[in-house]
Every structure is written in structure tokens, then in C-alpha cells.
Amino acid sequence: MWQNILLKSIEQGLVFGIMALGVFITFKILKCSDLTVDGSFPLGAAVAASLIVGGCNPFFATFIALLSGAIAGLITGILNTKAKISDLLSGILTMTSLYSINLRIMGKPNIPLLNKPTIFSIVESTLEKIPGFPLKYMYLILFLIIAFGVKFLLDALLNTQLGFALRATGDNPQMIRSQGVNTNLTKVMGLSLSNALISFAGALVAQYQGFADVSMGIGTIIAGLASVIIGNALFGERSIFISTAAVLFGSIIYRSSISLVLSLRLAQASDLKLLTSIVVIIALTAPEFQKVLNKNSKGGCKHAGVEKHIKNL
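Note that numbering that gives the first Met the number 0 has the sequence shown beginning at 0, numbered continuously upward.
In case anyone wonders, no lab produced these hints; they're calculated from the structure.
Take the hints with a grain of salt, since some may be wrong.
[Unchecked claim] No more than 27 angstroms apart at the CA atoms, straight line, and that leaves these computed lysine-lysine pairs for BS3-like:
id	residue 1	residue 2
1	150	135
2	115	272
3	7	81
4	107	290
5	30	135
6	27	290
7	135	115
8	81	27
[Said to hold, decoys possible] Using C-beta positions, here's what the derived DEER-type ranges look like:
id	residue 1	residue 2	range
9	265	137	40 to 50 angstroms
10	285	137	33 to 43 angstroms
11	121	277	16 to 26 angstroms
12	114	174	22 to 32 angstroms
13	241	173	43 to 53 angstroms
14	294	81	11 to 21 angstroms
15	4	143	39 to 49 angstroms
These figures come from a predicted structure and were not determined experimentally.
Beta carbons: idealized from backbone N, C-alpha and C, even for Gly.
Could you put together the complete structure from these sequences and hints?
Here is the structure:
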């Protein structure tokens with residue numbers, strides 16, 4: 000039983016890790032708060048599921064889902080950079096609009112993919128022809144390839160001239176503007192890339208779970224932040240290569256922790272969002288508590304030193 004729980008946790012950690020990489024781009028690279036995530040994740044699922052049910056090739060449907068996420072990010076970016084709406088409010092407006100758009104695309108709140116071809120069913124039918132292939136680990140192997148493939152492509156992009164411009168836009172926009180770089184353009188591109196990855200993850204999750212639901216994006220941003228923060232806490236702020244790997248490992252640890260808590264019946268499935276919020280709150284406040292403890296520790300040491308000096312007199 001525990002082996003199956005661990006296997007499923009790693010699978011979910013990897014596929015949701017792709018979504019977390021999208022959150023990483025906005026939260027860590029661009030240094031902006033983008034709430035489009037909760038709308039673009041189900042957008043990818045809605046587009047992919049609707050196209051697959053309509054008879055479209057699953058690979059092509061997933062690609063269109065990725066493009067739809069990029070468009071969602073583009074809209075958020077334009078609202079922020081051209082309409083001068085704050086990044087937080089721009090994301091909220093796009094996210095709210097996407098709920099209605101997703102319903103329009105799906106035509107109903109839920110689309111089952113039972114007996115419909117998906118990326119995974121196509122791959123499985125191919126792998127069945129290989130003698131001795133462990134089909135039990137098919138999802139794990141596929142998600143490892145996809146998640147780390149996305150990670151390496153993102154690493155390569157962020158180490159190009161465009162990638163340095165994206166990173167500088169978040170770190171020091173005034174400096175990069177003085178170098179003649181259009182920070183509005185780089186921000187829009189970053190938001191488009193981020194939401195493209197998030198919608199891609201949504202399309203994969205829909206095919207993995209066997210359904211798309213209009214409400215499946217609720218709390219996605221919190222789960223993504225939890226993965227980024229856990230990874231950052233474990234590995235620290237290092238190179239891009241380490242940081243993106245940390246996000247994937249953070250996602251796996253987060254999903255494993257949630258599965259463990261639910262398996263031990265320490266909480267109910269309905270408590271999932273609450274548990275996630277608590278994890279993020281603890282992770283965000285931990286550095287401040289550490290500073291207070293260090294300050295008190297230094298103060299105590301200083302006080303002890305004064306007392307010792309008085310006694311010596």
C-alpha cells in the first residue's frame with residue numbers, strides 16, 4: 000500500500016511540478032504576483048479535454064492547450080503593462096474571466112475522458128508491445144521525462160540573452176531599462192511563458208486523472224507557491240539549474256506530505272486547501288521567526304557577557 004502511495008505521490012509531484020515551474024517564473028524570476036494561475040490551469044484542462052472528446056489528436060490538443068495558456072498570460076501582461084493595472088489585480092481579472100471562458104469551452108462543468116484516447120493511452124499501447132516493460136511505472140517514467148525535459152528547456156532559455164533580460168526585469172528593472180531593454184515586453188513574455196507551462200500541466204493532469212473540471216484550478220497558486228517555497232527552503236537561492244530542480248523536488252515533497260497526512264487520516268480530503276495554506280504560511284514566516292530567534296540569542300549572549308565582565312570586576 001505504502002509503495003503505491005509513494006508512487007502516486009511522485010507522479011503527482013512531477014506533473015504538478017511543471018505547474019510549479021510556471022509559478023517559479025512569476026514569483027522568483029519576474030518578482031510579481033500573478034493569480035492567473037487559478038484560471039490558466041483549468042483552461043489547459045478544458046481545452047485539451049474538449050478537443051480530445053471532439054476527436055482531436057491528444058498531442059495536438061495538448062499543444063493547443065499550451066498556446067491557450069500563453070494567450071491568458073499575454074492578456075494579464077497587457078492589462079498590467081499597457082492598461083497600467085497592478086499585476087495582482089490584472090491576474091485576478093483574467094482569472095475571473097477564465098472561469099466563464101472555461102465553462103464556455105467545456106459546455107458543462109465536467110468532461111470525462113473515459114474510453115477516449117489520451118497521450119498516456121497512446122504511449123501505453125505502444126509500450127505494451129515491448130516484452131517485460133514495467134507498465135506499472137509508465138506514468139512515473141513519462142512524468143520524469145516530461146518534467147525534467149521542461150526543466151532543462153527552461154534552464155537553457157533562462158541562460159540566453161532573453162533569459163538574462165527576464166531575470167533582470169525582476170531583479171533590477173531600472174538598470175535593464177537603461178540598457179535599452181523594453182521591460183514591458185519582457186514581462187509580458189514571462190507571463191505568457193509561465194501560463195503556457197501551467198496550462199500544459201493542466202492538460203496533462205486532465206488526461207492523467209481522466210476528466211477535466213471547471214473548478215480544478217482552485218488553490219493552484221497556493222500549491223505552486225508551496226512547491227517553490229519548500230524547494231527554496233531545502234536548497235537555498237542558488238543557480239537557475241539548482242533552483243528549477245528544487246521546485247520539482249519541492250513539489251514531490253509537498254504532494255508526498257499531503258498524501259501521508261491523508262493516508263494516516265490525520266486530516267480529511269476537504270482539509271487539503273487548509274493544509275496547503277498552513278504550509279505556505281509557515282514557510283513564509285519561518286525566516287522572520289529565525290531572525291527574531293537569532294536576535295534574541297545574540298542579545299542573550301551579549302547580556303551574559305556583560306554579567307561576566309561585572310563579576311570579574
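Checklist line | Violations among the numbered hints, reported as their numbers in ascending order | finding: Violated hints: 2, 3, 4, 5, 9, 11, 12, 13, 14, 15; rest satisfied.
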